[in-house]
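There are 2 protein chains.
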Amino acid sequence: MLRTVAVVGTGLIGTSIGLAVSRHGVTVHLLDQDEVAARTAAALGAGLVGAPDEPADLAVIAVPPGAVGEVLGQTQARGLARSYTDVASVKAQLTREMLTSLPDPSHYVGGHPLAGGEHSGPLAARAGLFEDRAWVLTPSPTTSRDAVNRVFEMIALCGAVPVIMDSRAHDDAVALTSHAPHLLASLMAARLRLGSQDEIRLAGQGLHDITRMAVRDPGLWSDILQANAPAVAGVLRELRDDLTTVLGTLDDLSDAPRDMRSRTLKPVVDLLDDGAAGLAAIQGRRSADRETQVEVLIADRPGQLARLLDALRALRVEPEDVVPRLSPQEGTLSMRFAVPAVRAGRIVLELEQGGWDADSIDPASGARRQRAVAPPRRTGEPHRGFRESLVPARK
Amino acid sequence: MLRTVAVVGTGLIGTSIGLAVSRHGVTVHLLDQDEVAARTAAALGAGLVGAPDEPADLAVIAVPPGAVGEVLGQTQARGLARSYTDVASVKAQLTREMLTSLPDPSHYVGGHPLAGGEHSGPLAARAGLFEDRAWVLTPSPTTSRDAVNRVFEMIALCGAVPVIMDSRAHDDAVALTSHAPHLLASLMAARLRLGSQDEIRLAGQGLHDITRMAVRDPGLWSDILQANAPAVAGVLRELRDDLTTVLGTLDDLSDAPRDMRSRTLKPVVDLLDDGAAGLAAIQGRRSADRETQVEVLIADRPGQLARLLDALRALRVEPEDVVPRLSPQEGTLSMRFAVPAVRAGRIVLELEQGGWDADSIDPASGARRQRAVAPPRRTGEPHRGFRESLVPARK
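In the order they appear, the protein sequences are chains A and B.
According to UniProt numbering, the first sequence is numbered sequentially starting from 1.
According to UniProt numbering, the second sequence is numbered sequentially starting from 1.
Heads up, a few of these hints could be off.
Unchecked claim - Simulated pairs of lysine to any residue, SDA-like, Cα-Cα distance not exceeding 25 Å: (1) A:266 <-> B:69; (2) A:266 <-> B:216; (3) B:266 <-> A:66; (4) A:266 <-> B:118; (5) A:266 <-> B:70; (6) A:266 <-> B:67; (7) A:266 <-> B:230; (8) B:266 <-> A:220; (9) B:266 <-> B:237; (10) A:266 <-> B:194.
None of these hints come from the bench; they were simulated from the model.
The following block holds chain A by itself, in its conformation from the complex (with noise of 0.2 Å):
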């Protein structure tokens, strides 16, 4: 069982941890060189500033990726803990380093959690920071038991989801999923630095959205480049192959004949396609669960629908999943949407409640289905009487 922790490094992620595991009663111990650093933690209630009396039951090693390796030997020398995880982006050349340099490496567990923010220090950080997100680790065959054990403990105080991986596959996916997109995002807000007033005035959400991530933080990026340059620099030469793809298209457009510049520009709508599956791919990963269509009935006056919405948002399904359409006999407008099965008969339910004329799509037929759950009545009411009460007038 977890008590002590000692944080090293009290930026936004180590006093994360602080918060998170003191708020179950572990004690934490904050250490940085910077001591203003470590008394914010303190004063934010991540832990009491300084090193444990006896050696803490796990030390997380939290400071710039490309101080982590010199840290872990100098607490892991002078006994600061029992076992030792760090939280660097960059897992396979220091696990590999730390392997021949460690006093005791096998009390060592490679980590990375897979949080942030785009503000950094002690000020930024929050208890919830990792809830719900993975945290990776990366043990070696000859890593203790204990060691991953305490890191387990610690990840599920945090709220966060342990995935094992080899250090070079987290290496090369991170290198897709976060160092090369910190890069373009730097790369494309480079392009604003020398932008007019008036350029800079139509900068719009997206823009802000693409570039939010851009590199405030050379030092700590210069790290991780170092450290994982092959992976980033594989990632990066496929996207400048789809950017000379691109030029070549728009230049040609330019000299094709107005009728064929659709055609021309066929190989750049190829790439928007494969970008919009890969938003998908990324997106569409909560979406694996079997789902039912449900269907609701719209009366034809102003604001039944935004009425429906409000409704539809305190049932979690967003409008963006809601797709309207008209009955072919009736002419009658109503709107479809999908939502997991095991939440489609309580949905309903609500929706009925409300006073709406919803019911749940039979997949084989695509009609409505005679429901095998009884509406809701009202004492003494009888159930026809009950529905049509509530059901809005159509005009």
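Mind docking chain B on chain A? Use the hints.
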């Protein structure tokens, strides 16, 4: 005075305009070749389905950019309205074509509201979509003043800010701030299409931000790129040059001796610095006001700082703008942050009322200054006693 508006094309933008101007009592007529879209917009409260009996004061052509010219010509020929505008994101080519092809070009003003979202279609619409956003107009020397003034009125009802621009300068600006970034988001997302389950699992918030604007509607973007290809290509070519610099440097890194790696990486770090400067350029637009530094002392007890950050958020001061420091004399922890000069007095007062030891900083001396405004008192209580009783006790 604007009394009737015809919206042709009830997607995200058209429906949002309908919702925004309807709020202010303008009668809106909704037209769309897709009956479901028009009826959905009407059910949301954006207006009435169908053309007006008499010409509307203003018609807004909110169809896909490739169709704007044709629809403008048709609607003006049948006399749908007295003035016309559109919302296409590329203006130079269209404006040039309209000057020669429209029955009466003087009653058309090119327009482009700088607003949008991830999702399209009427269900994604909202009345507040344009609030405080720029709305570019590209009138020509022959455009009638009445037409421009009617569009100004609509923009005001939408809560947006009109910006008059030359159509070519507009297209260059959006190539930089919108078209190139959207393409880049797509290219990054395309790289993820073949990502493994493990890789996709490591996708963090940053990746979602960067790829959120990946193109979901290649048809729309085919129109946009055809109309603005040279400007977009210009931005992407500079981006590719920077990417080539990054790739060359990353390749050099593997041959560099360990102590030379930081120096080898310099060209990349320079680009990252440029990116940080570009980010500051687009994010710093609102910080041109004169600012005053405020300092708040923190008692050395866990939780005090978290409580202060909550209080500051309520005063619209975000944690990322707060800088911790130690006072040199007493070793006390304090937090400093900049606020607009006009709000500083009120913020200090409210913090004091909440029991904090807060003060503004004299820019010349860097020290806390004597307040001009007297701090609040409870009736019957001397001033000193009040403040001391509420200031958190120090250890």
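Comparing the hints with the structure gives:
1. Restraint check: the Cα-Cα separation between residue 266 of chain A and residue 69 of chain B comes to about 23 Å, which is no more than 25 Å; the hinted pair holds.
2. For the hint linking residue 266 of chain A to residue 216 of chain B, the alpha-carbon distance of about 16 Å falls within 25 Å, and the restraint holds.
3. With a CA separation close to 16 Å, the supplied pair residue 266 of chain B and residue 66 of chain A stays within the 25 Å bound.
4. Of the supplied pair hints, the one linking residue 266 of chain A and residue 118 of chain B holds, its CA atoms being roughly 23 Å apart against a limit of 25 Å.
5. Distance hint between residue 266 of chain A and residue 70 of chain B is fulfilled; the C-alpha atoms sit about 23 Å from each other, no more than 25 Å.
6. Between residue 266 of chain A and residue 67 of chain B the alpha-carbon distance is near 19 Å, which keeps this suggested pair within the 25 Å criterion.
7. Taking the CA atoms of residue 266 of chain A and residue 230 of chain B, the gap is about 17 Å. The hint holds against a cut of 25 Å.
8. For the given pair, residue 266 of chain B sits about 13 Å from residue 220 of chain A by alpha-carbon distance, which is consistent with the 25 Å threshold.
9. Of the supplied pair hints, the one linking residue 266 of chain B and residue 237 of chain B holds, its CA atoms being roughly 22 Å apart against a limit of 25 Å.
10. Taking the CA atoms of residue 266 of chain A and residue 194 of chain B, the gap is near 21 Å; set against the 25 Å cutoff, the hint holds.
Figure legend: structure checked against the earlier numbered hints; every hint is met.
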